[in-house]
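What follows is the residue order along each chain.
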Amino acid sequence: MNSAANAKLQFRVLYRQFLFRVVDLEILSADALGDANKLLGQFAALLILVSIIWSFGAFGIIGANNMPPETRASLTLFMTHFLVATTMLVVGIFAVLSWDSIFPDRRDVLVLAPLPVRPRTMFLAKVAATGTALSLVVVLLNCATGLAWPFALAVPVTAPLGFLRSLAAYWFTMFAAGIFIYCAVLALQGLAAQFLPRHLFLRASGFLQMAAFCLFVCAYFLEPPVDGLKMLTAPQNRHLLACLPSYWFFGLFHQLNGSMHPVLAPLARRAWIGLTIAGLAAAAAYALSYMRTMRQIVEAPDIAPGSRGLRWLPRFGDSLQTAIVQFCIRTLARSRQHRLILAFYLGIGLAFTISLLQFLASAPQPPGSVAINAWHQANVPLLTATIMMTVLAVLGARVVFALPLELRANWIFRAVGMHDAGKILIASRRALLLISIVPVWLVSAAACFWLWPWRQAAAHLAVLALIGIILADLCLWGFRKIPFTCSYLPGKSQVHIVIIAVVVLLMLVAQSVIFEQQALQRPAIMAVVLVLLGTVAIGIRWHIHALAKSDEEELRFEEIDPAALVELGLSSNKS
Amino acid sequence: MLELLRVCKRFKNISAVDDVSFFARPGEITGYLGPNGSGKSTTIKMITGLMQTTSGKIFFQGEPIERDLIAYKQRLGYVPEEPYLYSHLSGLEYLTMVGQLRNLPVKSTVDRIDGLLRLFSLHPSRHVAIASYSKGMRQKILLSAALLHNPDLLVLDEPFSGLDVGTGLVLRSLIQELAARGKVVLFSSHELETVERLCSHVVILNRGKIAADDSIERLRALMALPTLEGIFSQLAVEQDTAAISREIADLIHA
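From first to last, the protein sequence lines are chains L and V.
Position 117 of the first sequence, counting from 1, maps to 117 under the working numbering, and the rest follow consecutively.
Basically the working numbering = 1-based index in the second sequence + 1000.
These are calculated hints, taken from the structure and not from any lab test.
Be aware that one or more of the hints could be misleading.
In silico DMTMM-like cross-links for lysine to aspartate or glutamate, where the CA-CA straight-line distance does not exceed 25 Å [stated by the list, open to error]:
hint, chain 1, residue 1, chain 2, residue 2
1, V, K1045, L, E406
2, V, K1107, L, D420
3, V, K1012, L, D318
4, V, K1183, V, E1003
5, V, K1057, L, E554
6, V, K1107, L, E558
7, V, K1045, L, E559
8, V, K1045, L, E554
9, L, K423, L, D318
10, V, K1135, L, D108
11, V, K1135, L, D318
12, V, K1057, V, D1213
13, L, K423, V, D1068
14, L, K549, V, E1003
15, V, K1045, L, D420
16, L, K549, V, D1068
17, V, K1045, L, D100
Label pairs and their in silico Cβ distance ranges [said to hold, decoys possible]:
hint, chain 1, residue 1, chain 2, residue 2, range
18, L, L555, V, H1190, 31 to 37 Å
19, L, R16, V, V1106, 21 to 27 Å
20, L, L200, V, Q1052, 47 to 53 Å
21, L, L555, V, A1254, 52 to 58 Å
22, L, L200, V, L1225, 55 to 61 Å
23, V, I1244, L, Q17, 47 to 53 Å
24, V, P1026, L, L555, 29 to 35 Å
25, L, Q17, V, H1190, 28 to 34 Å
Some, not all, of what chain V presents toward chain L, calculated at C-beta under 7 Å [said to hold, decoys possible]:
hint, residue
26, M1051
27, I1070
28, K1073
29, Y1084
30, L1085
31, Y1086
32, H1088
33, M1097
34, R1102
35, N1103
36, H1123
37, L1163
Just so you know, even glycine gets a beta-carbon here, dropped at the ideal spot from N, CA and C.
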């Protein structure tokens, strides 16, 4: 085989390897390697579902012949910006989640470096795999909106050429916005790898990843929506529009669509400049990283928490419980993958919190209520925010508990012979409370006591603590594992159902906090609520412990049980 | 005493361990040998309780181990062949965790860990993550974890792997010392010279079945062979090693 054909073959092999290594196969259940595809399928289904739901709005605009032109213009402007900003957010989250696979890691280098694979082939395969994954995210998110909204946004609405132009403008803008965000992340990571020594970069990389995640979520939820031309032309918004990239690409769409208002021209120009700079910076960072980072990876060991880490931890019960809780805390403190997943859940909570607080800040004061500031009384947005943060923190912690770290090292837990299911459950519960509820509760306590009268703050914090305890117990119902030690079955997590359940839960919480707000004004009712919640918490805990003690089931270290029946491998020969 | 009685393990329709019976007595170091794929590691996993037998029984001190697996594991020290460790923990943290999981008294465990880390020359690196340890350092951590609770039964699967010469000599004496103090030691290795020096009794496994189970002296006498290597080659190596090596050399030369 000649060298060009060989390189082509190597490229194909590496491309497949890089593209499908989204889920770390080392954490999967031994019999569940195909299950990773199920998880990816669930994410894809979720993006398609979201796209279909958002496309209904376009049909509403197309069908509403009597809609006043101003309303139609406001709605189309709002949706264009919303779709651009959402595409940028989703691509940003994708870039953050695939942070470690953007550049070759130690495993790539150590496996591939001894082989006769040219760095260029590896480089191209990585770029192609990344490009494919990025395109898939953009296409899935816009699969329905990308067909429906160009109809509504076309100028003029009925002409076929107008639709085709709008369609091309829409897809070009979405891809350009996605590429801009992805390249910006890539450039940030690549340049950090160039300017920092390897060991420092490995440490900083985790913080950069978290910072990028927070930036994307906060920018998305804090940037004001485009609710009409007035917002775009207001002088006080000029600086904001110039600074936030989602407005640049919003301008770019209207430029390409032929529907550009003069105020959008500088924004469209910024989009072109930004795209060029991000693309060039990413290309430079990528090329430099391939030339220099690969050598650094071979020469320096990967991240090693140094001597100044989290060394001392208090006892958390007896020695078995202490061992498990300390193991959980150290694992979460040192595993970037686990931290990021927990941050994803906290990020959603933070997004809700920001939106709710924005709502509170922008809510008009009722006439004659000058003396009573909405912030300084128990209010629905802050009540909802604290409860949602608690719920999402518990859910996130429970999800990361199910993901193992160094799966094959769990032999030590199997070999030492642990038998007391009740104690192990208590330890898992303590770890869950410490990791999720305690931090959220402390932050909530600081905010509530600072803003509200102390009685209201104390009562709400008691409610919050009880809700957290109940949730933690419910999350550990039937949990027969030691956190971070059991193999993972990604498809079992039913991520799309979880997200829908969270949305339903949000609605329930929104309803219940209205009642809580009223109860906070009446101590007698609040006392009854606390007694009820306390009784539920005690009842659930008692039931879970009784279940754990009576349960004959052993601790699980594999998500899939070995087959109860042994296959004999016999088959009938029909011939 | 550790006793295996007609132990079998089948995976689907493949028999990995077939009717294996032998004793490992206190005060004696039992060598457990076999070529790759002979069922050695599977037997060790069954002895350590990580895997269940398909049929047959394993006894320790006369009791079937599955009767009280937890109590049995409290008396077992195990060094696995592969150094799988939680590499995000430091050596000290890992050993502390093992001590806590075994419910050992805090004060004496701290002293014991400190002593083991010093004696294995790991003390300066005790706060460094295991991820950056060399293979030999990881092996020392595994050994320390296996010895921490003063076990009655020691199952050592390739314990010399990656150790430097000095530590290897220390470990060899240590195994002898522990056996002399009445521990049951089951020692599995591919290094036949080490096995010959350490063990008084060997069990040789081939294709999942026992090929020999006797003292090295008696095997030498019975088979009229001077070394354990000769005995092992005769009982467990079914290939013509010289012919294969010639063939490999020819193949890469072609």
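Evaluated hints:
1. V:K1045 - L:E406: Distance of about 19 Å is within 25 Å: holds.
2. V:K1107 - L:D420: holds, 23 Å
3. V:K1012 - L:D318: The hint is violated at about 42 Å.
4. V:K1183 - V:E1003: At roughly 14 Å apart (the allowed maximum being 25 Å), V:E1003 and V:K1183 satisfy the hint.
5. V:K1057 - L:E554: holds, 21 Å
6. V:K1107 - L:E558: Distance ~34 Å between V:K1107 and L:E558 Cα, so the pair is violated.
7. V:K1045 - L:E559: Roughly 20 Å between the alpha carbons, so the hint for V:K1045 and L:E559 holds.
8. V:K1045 - L:E554: Cα-Cα ~18 Å, so holds.
9. L:K423 - L:D318: Status holds; Cα separation ~9 Å.
10. V:K1135 - L:D108: holds, 20 Å
11. V:K1135 - L:D318: violated, 33 Å
12. V:K1057 - V:D1213: Holds, because 18 Å separates the two Cα atoms, which is no more than 25 Å.
13. L:K423 - V:D1068: OK: L:K423 and V:D1068 at ~18 Å, within 25 Å.
14. L:K549 - V:E1003: violated, 32 Å
15. V:K1045 - L:D420: Answer holds: V:K1045 to L:D420 is near 23 Å, not above 25 Å.
16. L:K549 - V:D1068: holds, 17 Å
17. V:K1045 - L:D100: violated, 35 Å
18. L:L555 - V:H1190: 31 to 37 Å: For V:H1190 against L:L555, whose Cβ atoms are near 33 Å apart, the range 31 to 37 Å holds.
19. L:R16 - V:V1106: 21 to 27 Å: violated, 52 Å
20. L:L200 - V:Q1052: 47 to 53 Å: 48 Å Cβ-Cβ, so the 47 to 53 Å window holds.
21. L:L555 - V:A1254: 52 to 58 Å: holds, 54 Å
22. L:L200 - V:L1225: 55 to 61 Å: holds, 59 Å
23. V:I1244 - L:Q17: 47 to 53 Å: violated, 33 Å
24. V:P1026 - L:L555: 29 to 35 Å: Taking Cβ atoms as reference, V:P1026 and L:L555 lie about 31 Å apart, which means the hint holds.
25. L:Q17 - V:H1190: 28 to 34 Å: Hint holds: Cβ distance 33 Å, inside 28 to 34 Å.
26. M1051: This hint is violated: V:M1051 lies away from chain L, its Cβ roughly 10 Å from the closest one there, beyond 7 Å.
27. I1070: Constraint on V:I1070 satisfied, holds at 4 Å.
28. K1073: Hint holds; V:K1073 Cβ to chain L Cβ min 3 Å, cut 7 Å.
29. Y1084: holds, 4 Å
30. L1085: Given a least distance of 5 Å, the restraint on V:L1085 holds.
31. Y1086: Because about 5 Å separates V:Y1086 from the closest Cβ in chain L, which is inside the 7 Å limit, the hint holds.
32. H1088: holds, 4 Å
33. M1097: holds, 5 Å
34. R1102: holds, 5 Å
35. N1103: Given a least distance of 5 Å, the restraint on V:N1103 holds.
36. H1123: violated, 13 Å
37. L1163: Because about 20 Å separates V:L1163 from the closest Cβ in chain L, which is outside the 7 Å limit, the hint is violated.
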